[in-house]
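> One line per chain: the protein sequences are E and H, in this order.
First residue of the first sequence: 1, per this note's numbering; consecutive thereafter.
First residue of the second sequence: 1001, per this note's numbering; consecutive thereafter.
The hints are simulated quantities; they were obtained by calculation from the structure and are not laboratory data.
All residues carry an ideal CB built from backbone N, CA and C; glycine is no exception.
Take these hints with a grain of salt, some might be off.
[Stated by the list, open to error] Here are the computed distance ranges between Cβ atoms for each label pair:
hint : chain 1 : residue 1 : chain 2 : residue 2 : range
1    : E       : G148      : H       : A1129     : 25 to 35 Å
2    : E       : L332      : H       : W1137     : 33 to 43 Å
3    : H       : R1214     : E       : R145      : 35 to 45 Å
[Stated by the list, open to error] Not close to chain E: a few residues of chain H, all C-beta gaps over 12 Å, as computed:
hint : residue
4    : G1032
5    : S1040
6    : T1093
7    : R1125
8    : D1217
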Amino acid sequence: MSALPATPLAKLRALTGRLPAWWSRVLAAALIVVGVAVPFLFGSNGGFMNATIIAIAYAVMSLGLNIVVGIAGLLDLGYVAFYALGAYSVGWFGSEFFAKAQVHVLVNSVVSTLPGVHLNFLLILVAAALICALAGVVIGLPTLRLRGDYIAIVTLAFGEIIYVIAVNGQSVSIGGGMTLTAGNLGISAVDSPYFPGIAQFGLLDLKPWYWLILVILLVAVFVNLRARDSRLGRAWIALREDEVAAVSMGIPLVRTKLLAYAMGAGFGGISGAFLGTYTTQVNASQFQFGFSIFILAMVIIGGLGSIWGAVTGGLLLGYINNWLIPDVLNNLPSSFGLNFQLTQVEFGIFGFLLVITMVLRPQGLIPERRRRLELTSVIPAEDAQLGSEPEGAT
Amino acid sequence: MSADMATTPGTPPVPAEPLILTAEGITKQFGGLIAVNDVSLDIPARSIVSVIGPNGAGKTTFFNMLTGLIRPTSGRITLNGRNITRARPDVITDRGMARTFQNIRLFGAMTAVENVMIGRHVRMRAGLAGAIVRPPWVRAEERAARDRARELLAYVGLPAESFDRYASQLPYGDQRRVEIARALATDPSLLLLDEPTAGMNPRESAELAGFMRRLRDDLDLTILLIEHDMKVVMGVSERVTVLNYGKKLAEGDPAVVRADPAVIEAYLGKEG
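Only chain E is shown next, with the shape it has when bound in the complex:
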């Protein structure tokens, strides 16, 4: 480690390293308290709160993609597929869309009189996670024998397939006059979450939505940290580092890779289900290729492989996309006499940010310690002259 240059972050790490072990727990608790209190500090409604909720949902997706791309090293360009399947889980199991069905499980008294399938939101979350995990395995299987760029192409195609199915699903009859999706018309009037005695979810008060997605994010971070620092997480990193060596040392290739795909996809589904119910509609036009790149940009800007980086990248791009550009800076060009709005060039802005990150900080905002090593490591002098060691391998 002494070979690494002392970046401000490294200095911070050195500083925090000297603090007692309980320090990180205190910090985590403090962050959670601040997080819970945010609606009281910034007002419980309005554009900023709305942007915060969406940004946290993006952070959850970013965490999921980070497992696949960052930790297991499998470049996935079709992650939007899991956003779509998660959102459609809400559309299918929490709206009047399947009007011929009459299924009601743990929903409020108003919804229980409506036609269609209506499951409690917790059940929908579980369904979304399972459907996406399964889809993750389906996309994982054909890529098992592929590497690098080829995986990217297959996953990209998968994302497009799901998008095209979503758009054309309104022509796919599943009997009884019902269709698979509502295409670009969208499935709307999606049920709100129903947690009796805990919170009332409505459009006038964003606090419950905020707390719900905050809890989802905390669970996601916890699960990610635990998975990374485990037998499984080590196996993912080993596969990323050297596949041949990893399987020779006893890592089961198929099971380990598919678990990464399934787990990464599961978080995409959970976040997608939340966004589906939060925006009260599921529209095929939301699930275009650009969104996959958007999530990937979060992971890369945050720091490939880094869990805190993924959260930071997700929040950052979420705020830029949903608050900074539309609410704060949107009219900036017109104040210079230019005839366009900033929202019209938002993809240009994200591309610019990505390029800037790659030039100035290729390891990302909060780099994973291993990746930092790859990008900055100094080759030990001994390597230059093979076999000049004073001792042999005894």
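Starting from the known structure of chain E, fit chain H onto it as the hints suggest.
Just chain H now, kept in the frame of chain E:
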């Protein structure tokens, strides 16, 4: 199983070691090229056996077939009496075969201890649920794996201050040590070393030969070696198999193999 049994009348029969690995008629064809042609090899337990041959003789291909990285076109391989001919590499590792690589293949961005813990993977049970919930048995398993990794690194002679350094930052000799420790962590009964003395000076090679004997004696290991360094091969192995153009050229006691005219011809060319 008792092919090597000493049956001289008068003397009590010395119990021969059972065969740990048998390879019968192993052939590998890449398109029109036959890389390994009908090679058979028996390895008795607790022996040190070498495979030698000129460059391109098919040694590493043969190794890769034993460890499951490539599948033989025909032939049959058994490990501890179980057929592993078409088994996956991780299954073969689980059944007790471990290897090192000719050009070291450590996980560069993992520490020495983490590298060795990857070797423990097949002997651990925690899955995704165990990782997330982290019940006491998973904690104990992790701790045991870490302790075992440190123990093995000390055994192969890695300085303690290097345990938590990244593998890519270790000097060459130490990387070789970590690779052997990683293979040992899988609790193998058969250890395959692919040119372990590559890049070593004569003294280091001699030390490695001593280390291999110590491994066999301490851990009841069987060692199969691919080696170019004739001094090491002749000094350490009990049996030598010579491959040339994918075919077995000679086999047997090192001294006999060394004197075999066919072997000399393969290595030095035909005389006059």
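> Each hint: holds or not?
Hints versus structure:
1. For the hinted restraint 25 to 35 Å between E:G148 and H:A1129, the CB-CB distance of approximately 31 Å keeps it satisfied.
2. At roughly 58 Å, the beta carbons of E:L332 and H:W1137 sit outside the given window of 33 to 43 Å.
3. For the hinted restraint 35 to 45 Å between H:R1214 and E:R145, the CB-CB distance of approximately 41 Å keeps it satisfied.
4. Chain E leaves H:G1032 outside its interface by the beta-carbon criterion, the shortest separation being 24 Å against a cut-off of 12 Å.
5. H:S1040, annotated as away from the interface, keeps every beta carbon of chain E farther than 12 Å; the closest lies near 23 Å.
6. At roughly 4 Å, the least C-beta separation between H:T1093 and chain E is not larger than 12 Å, which violates its mark as non-interface.
7. Remark: the non-interface label on H:R1125 conflicts with the geometry, its nearest Cβ contact in chain E lying 8 Å away (cut-off 12 Å).
8. Non-interface status of H:D1217 relative to chain E is upheld: no Cβ of that chain comes within 12 Å, the nearest being about 14 Å off.
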